[in-house]
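Going line by line, the protein sequences match chains E and W. If you're matching positions, the first sequence starts at 1 in my numbering and goes up one per residue. If you're matching positions, the second sequence starts at 419 in my numbering and goes up one per residue.
Quick caveat, the hints were computed from the structure, so don't treat them as lab data. A couple of the hints might just be wrong.
Said to hold, decoys possible - Listed below are the simulated BS3-like cross-link pairs for lysine-lysine, each with C-alpha atoms no more than 27 Å apart in a straight line:
| # | chain 1 | residue 1 | chain 2 | residue 2 |
| --- | --- | --- | --- | --- |
| 1 | W | K782 | W | K670 |
| 2 | W | K471 | E | K113 |
| 3 | W | K670 | W | K687 |
| 4 | W | K531 | W | K471 |
| 5 | W | K531 | E | K53 |
| 6 | E | K403 | W | K821 |
| 7 | E | K269 | E | K340 |
| 8 | E | K403 | E | K418 |
| 9 | E | K113 | E | K269 |
| 10 | E | K53 | E | K403 |
| 11 | W | K650 | W | K672 |
| 12 | W | K836 | E | K403 |
| 13 | E | K113 | W | K672 |
| 14 | E | K232 | W | K758 |
| 15 | W | K687 | W | K782 |
| 16 | E | K415 | E | K403 |
| 17 | E | K340 | E | K53 |
| 18 | E | K340 | W | K758 |
| 19 | E | K403 | W | K531 |
| 20 | E | K252 | E | K364 |
| 21 | E | K269 | E | K364 |
| 22 | E | K364 | E | K53 |
| 23 | W | K782 | W | K758 |
| 24 | E | K232 | E | K254 |
| 25 | W | K670 | W | K650 |
| 26 | W | K650 | E | K340 |
| 27 | W | K833 | W | K821 |
| 28 | W | K821 | W | K672 |
| 29 | E | K113 | W | K821 |
| 30 | W | K687 | W | K650 |
| 31 | E | K418 | W | K821 |
| 32 | E | K340 | E | K364 |
| 33 | E | K403 | E | K113 |
On a predicted model such as this, the values are computed, not experimentally measured, just so you know.
Protein chains: 2
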Amino acid sequence: MIQVLHGNFLYTPSLGTLETVPDGYLVLQDGRTVGIFSELPERFSDAERTDFKNALILPAFTDLHLHAPQYPMLGMGMDLPLLDWLERYTFRTEARFGDPDYARRIYRELAQKLIENGTTRVAMFSSLHTDATLILMEELENAGVSGYVGKVSMDRNSPDYYTESTEQSKRETLRWLKECERFRTVRPILTPRFTPSCSDGLMRWLGDVAREYDLPVQSHLSENHSEIAWVKELAPSCERYWETYARAGLWKPKTLMAHCVYSDEIERKAMRDYGVTAIHCADSNINIASGTAPVRQMLEEGVHVALGSDIAGGAQINMLEVMQMTIRASKFKRMESGWKTDFLSVAEAFYLGTTAGSSYFGAKPGFGEGEPLHAVVIEEGRLPDADRLTLRERFERAVYLSKPQDIVAVYAEGKRVK
Amino acid sequence: MIQVLHGNFLYTPSLGTLETVPDGYLVLQDGRTVGIFSELPERFSDAERTDFKNALILPAFTDLHLHAPQYPMLGMGMDLPLLDWLERYTFRTEARFGDPDYARRIYRELAQKLIENGTTRVAMFSSLHTDATLILMEELENAGVSGYVGKVSMDRNSPDYYTESTEQSKRETLRWLKECERFRTVRPILTPRFTPSCSDGLMRWLGDVAREYDLPVQSHLSENHSEIAWVKELAPSCERYWETYARAGLWKPKTLMAHCVYSDEIERKAMRDYGVTAIHCADSNINIASGTAPVRQMLEEGVHVALGSDIAGGAQINMLEVMQMTIRASKFKRMESGWKTDFLSVAEAFYLGTTAGSSYFGAKPGFGEGEPLHAVVIEEGRLPDADRLTLRERFERAVYLSKPQDIVAVYAEGKRVK
Numbered sequence: 001m002i003q004v005l006h007g008n009f010l011y012t013p014s015l016g017t018l019e020t021v022p023d024g025y026l027v028l029q030d031g032r033t034v035g036i037f038s039e040l041p042e043r044f045s046d047a048e049r050t051d052f053k054n055a056l057i058l059p060a061f062t063d064l065h066l067h068a069p070q071y072p073m074l075g076m077g078m079d080l081p082l083l084d085w086l087e088r089y090t091f092r093t094e095a096r097f098g099d100p101d102y103a104r105r106i107y108r109e110l111a112q113k114l115i116e117n118g119t120t121r122v123a124m125f126s127s128l129h130t131d132a133t134l135i136l137m138e139e140l141e142n143a144g145v146s147g148y149v150g151k152v153s154m155d156r157n158s159p160d161y162y163t164e165s166t167e168q169s170k171r172e173t174l175r176w177l178k179e180c181e182r183f184r185t186v187r188p189i190l191t192p193r194f195t196p197s198c199s200d201g202l203m204r205w206l207g208d209v210a211r212e213y214d215l216p217v218q219s220h221l222s223e224n225h226s227e228i229a230w231v232k233e234l235a236p237s238c239e240r241y242w243e244t245y246a247r248a249g250l251w252k253p254k255t256l257m258a259h260c261v262y263s264d265e266i267e268r269k270a271m272r273d274y275g276v277t278a279i280h281c282a283d284s285n286i287n288i289a290s291g292t293a294p295v296r297q298m299l300e301e302g303v304h305v306a307l308g309s310d311i312a313g314g315a316q317i318n319m320l321e322v323m324q325m326t327i328r329a330s331k332f333k334r335m336e337s338g339w340k341t342d343f344l345s346v347a348e349a350f351y352l353g354t355t356a357g358s359s360y361f362g363a364k365p366g367f368g369e370g371e372p373l374h375a376v377v378i379e380e381g382r383l384p385d386a387d388r389l390t391l392r393e394r395f396e397r398a399v400y401l402s403k404p405q406d407i408v409a410v411y412a413e414g415k416r417v418k
Numbered sequence: 419m420i421q422v423l424h425g426n427f428l429y430t431p432s433l434g435t436l437e438t439v440p441d442g443y444l445v446l447q448d449g450r451t452v453g454i455f456s457e458l459p460e461r462f463s464d465a466e467r468t469d470f471k472n473a474l475i476l477p478a479f480t481d482l483h484l485h486a487p488q489y490p491m492l493g494m495g496m497d498l499p500l501l502d503w504l505e506r507y508t509f510r511t512e513a514r515f516g517d518p519d520y521a522r523r524i525y526r527e528l529a530q531k532l533i534e535n536g537t538t539r540v541a542m543f544s545s546l547h548t549d550a551t552l553i554l555m556e557e558l559e560n561a562g563v564s565g566y567v568g569k570v571s572m573d574r575n576s577p578d579y580y581t582e583s584t585e586q587s588k589r590e591t592l593r594w595l596k597e598c599e600r601f602r603t604v605r606p607i608l609t610p611r612f613t614p615s616c617s618d619g620l621m622r623w624l625g626d627v628a629r630e631y632d633l634p635v636q637s638h639l640s641e642n643h644s645e646i647a648w649v650k651e652l653a654p655s656c657e658r659y660w661e662t663y664a665r666a667g668l669w670k671p672k673t674l675m676a677h678c679v680y681s682d683e684i685e686r687k688a689m690r691d692y693g694v695t696a697i698h699c700a701d702s703n704i705n706i707a708s709g710t711a712p713v714r715q716m717l718e719e720g721v722h723v724a725l726g727s728d729i730a731g732g733a734q735i736n737m738l739e740v741m742q743m744t745i746r747a748s749k750f751k752r753m754e755s756g757w758k759t760d761f762l763s764v765a766e767a768f769y770l771g772t773t774a775g776s777s778y779f780g781a782k783p784g785f786g787e788g789e790p791l792h793a794v795v796i797e798e799g800r801l802p803d804a805d806r807l808t809l810r811e812r813f814e815r816a817v818y819l820s821k822p823q824d825i826v827a828v829y830a831e832g833k834r835v836k
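Just chain E, same shape as in the assembly:
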């Protein structure tokens, strides 16, 4: 089946570049992009056409670090110190997902919210509950969100009401992986919560499973000072935090590491050399006052960086807001460095939240030929004076001012899902 979408296409093929195809035509065959054309080739003139007129059509957003079971606590507890926040909110909220009915209700809402906001690909932490994790994967797949979901592993330094024994953790992980076979677009990712919550034995076992099942891995790295000190205490033989993952066989291509605020030159080099992706979570780093990650530096050194909302440390599920916050954090980094470090431009932040994220899933930049379409369509009817602006200005303004209701259509895996 051939379909044609008409509108203004914009995408960022590489860091800092913005390509535009004004008044263009995107041709889809069975949901896969054939190409974008400034004039519609004659051979497609009879195809079914969806006319988005003067709207902006952009690649859909990728969110490579968020905690699904923290969705109910979004925007709360922001005044608390990290440990109180974990105790009073995070663990208690996550523990509730032992109840499958609660999980079903919240995860259905979350999946819908992601689509409404134009996020079509994710790498997500679930809770430690196998059943809730499977429910989450189902709900995502039904709503049209694809990517990776991980049952969280945590067998130490966790509250009594929210922990698992090493044996339990292994057994449940295997049960979960077995059950995952039924999913098509949402796949499992191994998810040790972070070094302090996983025993050395569990970590090594996860490394074996990662190799045996050829699974990707996600965790947290060098988010704040006290965490780093704690890791050092727990793993005195490791010079740096990343080594605690590496010695267990978890440091490899397709490993995602959230935060990397305090990753120094050597840790950053280890990321680059092993093909580990750093997930920058600007809003969370600000809200929890963790620090400002050296994103510009990582990019210059060739580290692969993508963005995460990190709900509920982050209070924003909308990736355009996360991109904005990424720009703002980079401006703080600039000020902090005495105006020496360049901030991230709008196009650069957009690249990190689209192209850089989707490349993790193997996608080409922009609207890749032969690939299932992931796109959002934005109408800015609410905003003043749109007729006088260039496409680039409208793009910039869309990043700063769009609200979910301005996203009038979303395509994921080649299908319209909003």
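With chain E held as given, fit chain W onto it using these hints.
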């Protein structure tokens, strides 16, 4: 006429305190607050009742620094250095308000947008055009926004297409003040753009007018390093920036000074001693990478501080978003200080955007007895799990997550305007 509003009332009587009246009744007589009651007194039982059920009812928001003629450029040019931003966007955009039809269209939209977002009191810069300024004041008054609006004065260091001679500036200011007599709730405020754009003669003349007409004053102060250096060059006899206003007679109670990012101890003391209010514009300071204002310090020293959106240096017209950004900026200040300076809590930021702002207009904290009601009503239907939360948690989440469509009602000057 007696009216009763029912809902959950929250307000911040002082910095850091949050008062709640759950399931309460606010009684209005001719739009003025009689009181808030946990149980409705018998004598009001027959009054017209508006039942907002389980919604949150909060004081409406105050925005004490924004540039009305920059509204069309909201969210654009954020990648440009300050001078390019001024040249390519700001001056050109403001200059268009020489056209009264354009002014009418944009200002009507802006006034409506403010009300939609729950902002009912403002101190606002217009452009240098007298007629457009009067149109702005009309549109605000019609929409239900009250406060102060200033025709901008600028007779030097401005582009040819957007400047005025000293004589012109004086003449137009007097014409404007004369025309202002017809307004009731929107009043004039003298508005030298900032020291670099006003000749010494014009500044002194404005000082005389301020005294003679008993008018308040607003301007910019110590926003960034290059501006401060420029002021020093233009006024070598002044030790500090504030003195350029003081020597002209513009430094006095009811003077508003936007930014104060680099105001040192002595400048801050001058603010406190003279009763000058510092308007903190967090989003703008971040976007333009000006710096992080010492808000906590100013508050501790007894400087009166309120908030401004500073559109279009700020990209957010919604004051809840401005409060959030105020919190985030304070967390950067905390990190910048090696975690020594306390950040601003949600209740503190809310205080700055409501009580502190409305006190500038002479209002009592919260829902002051005998005063015309300024309030917003927020319904959080979109958010998960509201039934399990305390009122304080719902308040916190409302600050972080509310969107304009969640503001289901707005009262200004005692009347329902949304």
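Verification of the hints:
1. Taking the CA atoms of K782 (chain W) and K670 (chain W), the gap is near 21 Å; set against the 27 Å cutoff, the hint holds.
2. The hinted pair formed by K471 (chain W) and K113 (chain E) meets the criterion: a straight-line CA distance of about 26 Å does not exceed 27 Å.
3. A threshold of 27 Å between alpha carbons decides the hint, and for K670 (chain W) with K687 (chain W) the separation of about 13 Å falls inside it, so the pair holds.
4. Annotation: proposed proximity of K531 (chain W) to K471 (chain W) holds, straight-line Cα distance about 25 Å (limit 27 Å).
5. Our distance criterion of 27 Å between C-alpha atoms is met by K531 (chain W) and K53 (chain E), whose separation comes to about 26 Å.
6. Restraint check for K403 (chain E) and K821 (chain W): satisfied, since their Cα atoms lie roughly 9 Å apart, inside the 27 Å limit.
7. Taking the CA atoms of K269 (chain E) and K340 (chain E), the gap is about 22 Å. The hint holds against a cut of 27 Å.
8. Annotation: proposed proximity of K403 (chain E) to K418 (chain E) holds, straight-line Cα distance about 15 Å (limit 27 Å).
9. Restraint check for K113 (chain E) and K269 (chain E): not satisfied, since their Cα atoms lie roughly 36 Å apart, outside the 27 Å limit.
10. A distance of roughly 19 Å separates the Cα atoms of K53 (chain E) and K403 (chain E); the hinted pair therefore holds under the 27 Å criterion.
11. For the hint pairing K650 (chain W) with K672 (chain W), the CA-to-CA distance comes to about 25 Å; that is within 27 Å, so the pair holds.
12. Proximity of K836 (chain W) to K403 (chain E) is assessed by CA-CA distance (about 20 Å); at most 27 Å being required, the pair is judged to hold.
13. At roughly 45 Å between alpha-carbon atoms, K113 (chain E) and K672 (chain W) are farther apart than 27 Å, so this suggested pair is violated.
14. With a C-alpha separation of about 24 Å, the suggested pairing of K232 (chain E) with K758 (chain W) holds against the 27 Å cut-off.
15. The suggested pairing of K687 (chain W) with K782 (chain W) holds, with an alpha-carbon distance near 25 Å, which does not exceed 27 Å.
16. The hinted pair formed by K415 (chain E) and K403 (chain E) meets the criterion: a straight-line CA distance of about 22 Å does not exceed 27 Å.
17. About 42 Å separates the Cα atoms of K340 (chain E) and K53 (chain E), which puts this hinted pair outside 27 Å; it is violated.
18. Using a Cα cut-off of 27 Å, the hinted pair K340 (chain E) and K758 (chain W) holds, with the two alpha carbons roughly 24 Å apart.
19. For a cut-off of 27 Å, the pair hint linking K403 (chain E) to K531 (chain W) stands: about 14 Å separates their Cα positions.
20. Annotation: proposed proximity of K252 (chain E) to K364 (chain E) holds, straight-line Cα distance about 21 Å (limit 27 Å).
21. In summary, the hint linking K269 (chain E) to K364 (chain E) is supported, as the alpha carbons are separated by about 25 Å, within the 27 Å threshold.
22. Using a Cα cut-off of 27 Å, the hinted pair K364 (chain E) and K53 (chain E) holds, with the two alpha carbons roughly 26 Å apart.
23. At most 27 Å may separate the alpha-carbon atoms for a hinted pair to count; K782 (chain W) and K758 (chain W) exceed this at roughly 33 Å.
24. A threshold of 27 Å between alpha carbons decides the hint, and for K232 (chain E) with K254 (chain E) the separation of about 25 Å falls inside it, so the pair holds.
25. A distance of roughly 21 Å separates the Cα atoms of K670 (chain W) and K650 (chain W); the hinted pair therefore holds under the 27 Å criterion.
26. The straight-line distance between the Cα atoms of K650 (chain W) and K340 (chain E) is roughly 24 Å, inside the 27 Å bound, and the hint therefore holds.
27. For a cut-off of 27 Å, the pair hint linking K833 (chain W) to K821 (chain W) stands: about 22 Å separates their Cα positions.
28. For the suggested pair K821 (chain W) and K672 (chain W), the alpha carbons sit about 32 Å apart, so the restraint of at most 27 Å is broken.
29. Of the supplied pair hints, the one linking K113 (chain E) and K821 (chain W) holds, its CA atoms being roughly 14 Å apart against a limit of 27 Å.
30. Our distance criterion of 27 Å between C-alpha atoms is met by K687 (chain W) and K650 (chain W), whose separation comes to about 19 Å.
31. Proposed proximity of K418 (chain E) and K821 (chain W) is supported: the alpha carbons are some 20 Å apart, at most 27 Å.
32. At most 27 Å may separate the alpha-carbon atoms for a hinted pair to count; K340 (chain E) and K364 (chain E) exceed this at roughly 33 Å.
33. Proximity of K403 (chain E) to K113 (chain E) is assessed by CA-CA distance (about 12 Å); at most 27 Å being required, the pair is judged to hold.
In this structure, the hints that do not hold are numbers 9, 13, 17, 23, 28 and 32, in rising order.
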